[in-house]
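Using the sequences and the accompanying hints, generate a full structural model.
Protein chains: 2
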Amino acid sequence: MGNQTIYFKRAPRITATSTVAGTKECEGIIGRYVERALDDDMFGEDTYEKAECKMLSTVIDGAIANGGLKREDVGMIVSGDLLNQIISANFAARDFSVPFLGVYGACSTMAESLAVAAAFVDGGYVSSAVAATGSHFASAERQYRYPLELGTTRPPQSQWTVTGAGGALVTRRGEGILITSATLGKVVDYGVTDVNNMGAAMAPAAADTILAHFRGREDPSSYDLIVTGDLGALGSRILKDLLWEKGLDVGEKHVDCGEIVYNVIEDEFQGGSGAGCSAVVLNSYLYSKMKSGAFGRILFVATGALLSTVSSGQGESIPCIAHAVTLERGGK
Amino acid sequence: MGNQTIYFKRAPRITATSTVAGTKECEGIIGRYVERALDDDMFGEDTYEKAECKMLSTVIDGAIANGGLKREDVGMIVSGDLLNQIISANFAARDFSVPFLGVYGACSTMAESLAVAAAFVDGGYVSSAVAATGSHFASAERQYRYPLELGTTRPPQSQWTVTGAGGALVTRRGEGILITSATLGKVVDYGVTDVNNMGAAMAPAAADTILAHFRGREDPSSYDLIVTGDLGALGSRILKDLLWEKGLDVGEKHVDCGEIVYNVIEDEFQGGSGAGCSAVVLNSYLYSKMKSGAFGRILFVATGALLSTVSSGQGESIPCIAHAVTLERGGK
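First to last, the sequence lines map onto chains U and S.
Here the first sequence is numbered in the numbering used here, starting from 1 and rising by one per residue.
Here the second sequence is numbered in the numbering used here, starting from 1 and rising by one per residue.
Source of the hints: derived by calculation from the structure; they are not laboratory data.
Fair warning: this is a prediction, and the values are worked out from it, not measured in the lab.
A portion of the hints provided could be inaccurate.
Said to hold, decoys possible - Dumping the calculated BS3-like pairs for lysine-lysine here, alpha-carbon to alpha-carbon at most 30 angstroms: (1) U:9 <-> S:9; (2) U:246 <-> S:70; (3) S:253 <-> S:9; (4) U:70 <-> U:246; (5) S:246 <-> S:291; (6) U:70 <-> S:246; (7) U:70 <-> S:9; (8) U:253 <-> U:291; (9) U:9 <-> S:70.
Shown next, in the form of structure tokens:
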């Protein structure tokens, strides 16, 4: 079997990020770090989908500008989102005259897009690339679950889709946070069929990728943090159990963006979810803390549930995936 | 502005392909070249979506086996499809314990996945990768248009989604067809809103990428063929007009997979479409003709319409994209 981790020898780096988050999200830990806090989750648009697209377009533009580049300097945009046919990413990319790679990895998109952007930059194919994703609570609810107007009761194992977007500018040179490796995930399915319990469905995929990453090379002590995307409280417990059973103790190193994103997690049951969850936390709070030196090295593992309403309707279980990237402070 | 074309200096190559196609498709030119001709478009499954997934899984497995590899030898699978949340690709990847990158580029997926696979192989990150996509007439109809049971009349500008899938094994060494460059497309939108006229919507994206490819470097005479994915008859005429207006005459070099895939194109109005259209034609007929020496060098340009039923329902026009890869016989 080939090694599942790829190493970026020329150390592509994140030299700038940009984030947008909704009103509820900004009440939490990310509030002080988000570049643009919305006071209206519609972002001045007339549909939820257009608001989501505008968030994505805003962070792509923001990452480019914050990195001191112009749109025409950027080699490629790698982006995707949760909506059918990733329309938020497609329509956001329409605003830019930049080569575009659409990806789909559900809530793993931030890690997937970073890994692809890093590979294209490291390989010398482009000198810079933007990796970005986002989600919107209301567009996700009506596509995956029920229209909000129905006022459907949420079960206790559910999570709350984050309204927010994050983008990172990955370049070959400059001062920033290095992307030194990526562990691309396999599709893992433990047979969970409860579409309200994404944390339980995704935890085995996170465990699979984390185990692959640490297999025979390094151990969690070499990281300051092992950050999962949106497993939530229940999913995080399952992840730790699964890893512990395999002899890997991530212990106090582990933190889940879904667990920390909201102020009072109990109000959202298991916490935050959505492609925007890890995108916002990574590109605001974590990026800022890495830049300031509070964290020197993190393993960022975003997980995605690869279901659709059609697959669930046809009785299928929920296949999941997790991609990981290693982020390090430069000059270490 | 950066150069839109990426060159693969280590010449990753397609060393094996695999294809599956439906009954109607196998009546045409590809019939003699397809690896597996279905005698039942349900492929033994009980839903169209599962049949589509099985086709994709079959060609991924086929490409690996035809290349003399085992599943565990493969570094990554790059795949996507037309269904919401690319469930065909996700569920197909579940069968393989191989790192997976989900991509979404609608009918441009064969070129997008080949470009990504080539970059990862050329960059030295994996020694082999499978690029694959497919589509199914019946799953596409009920997702994008109307349930077949309605018997809706098709307008004359429409195309027929190909039932079929194609996969290519891209490796670092071995005898095969070289992938020497990729021109990643930008999202282009000329304001077409007719969801039955994909050819007209996609032609400007194809023109944009082809013009970018030829800008200042080489000219169409260096290719034996310039192959578009699924513009159909009308879209192909529009493409040639758009290129001609910009001073680029592709003339007799141009062929469109959608135009040639069916036996009697008039029966399907403008011809074939769908991610499976160019995937099947490339990986059966064209690959075979390149191996035999009939074609030495082709520019493969697959186009995708990046709409969803939601975006169209909200009054949006149809953004499109085209990605191109240069394929060459080895040893030239």
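Status of each hint after checking the structure:
Proximity of residue 9 (chain U) to residue 9 (chain S) is assessed by CA-CA distance (about 18 angstroms); at most 30 angstroms being required, the pair is judged to hold. Pair hint residue 246 (chain U) plus residue 70 (chain S) holds up; C-alpha atoms about 26 angstroms apart against a cutoff of 30 angstroms. For the suggested pair residue 253 (chain S) and residue 9 (chain S), the alpha carbons sit about 26 angstroms apart, so the restraint of at most 30 angstroms is met. Only pairs whose Cα atoms come within 30 angstroms are accepted, and residue 70 (chain U) paired with residue 246 (chain U) is rejected, the gap being roughly 47 angstroms.
Of the supplied pair hints, the one linking residue 246 (chain S) and residue 291 (chain S) is violated, its CA atoms being roughly 33 angstroms apart against a limit of 30 angstroms. For the given pair, residue 70 (chain U) sits about 26 angstroms from residue 246 (chain S) by alpha-carbon distance, which is consistent with the 30 angstroms threshold. Restraint check for residue 70 (chain U) and residue 9 (chain S): the C-alpha separation of about 28 angstroms stays at or below 30 angstroms, so the hint holds. For the hint linking residue 253 (chain U) to residue 291 (chain U), the alpha-carbon distance of about 19 angstroms falls within 30 angstroms, and the restraint holds.
This hinted pair checks out: residue 9 (chain U) and residue 70 (chain S) have alpha carbons roughly 28 angstroms apart, not beyond 30 angstroms.
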